[in-house]
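Build the full structure now, drawing on both the sequences and the hints.
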Amino acid sequence: MGIEMNSAARSGRRFAAREDGAVTVDWVVLVSAMVGVAIMVLALVWQGSAAFAFRVNSEIEKIEVATSD
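Using the numbering used here, read the sequence shown as starting at 539 and increasing by one per residue.
Hints in this document: simulated from the structure, not taken from any laboratory.
Do not take every clue at face value.
Label-pair ranges, simulated between beta-carbon atoms [stated by the list, open to error]:
no., residue 1, residue 2, range
1, A571, N595, 32 to 38 angstroms
2, V566, E602, 55 to 61 angstroms
3, F553, V579, 21 to 27 angstroms
4, L582, R552, 32 to 38 angstroms
Where a beta carbon is used, it is the ideal one built from N, C-alpha and C, also for glycine.
Written as structure tokens, this is what we have:
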């Protein structure tokens, strides 16, 4: 496992250090794909949290508060 990690780290460093045109294009495509996935995940989390907040709000509104006269 350690050998694989060292090899992967070395490959990553070599990949980042190269400035060939093809490597630059690959890097741009890779980063844009990661940003796209992050945006999709954030949209899903946002929708889920908004729906949950709406349900919590509606339950809180149903609660009657007793007042002392």
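We went through each hint and held it up to the structure:
no., hint, in the structure
1, A571 x N595: 32 to 38 angstroms, "holds (36 angstroms)"
2, V566 x E602: 55 to 61 angstroms, "holds (58 angstroms)"
3, F553 x V579: 21 to 27 angstroms, "holds (24 angstroms)"
4, L582 x R552: 32 to 38 angstroms, "holds (35 angstroms)"
Going down the numbered hints, you'll see the structure goes against none, and every one checks out.
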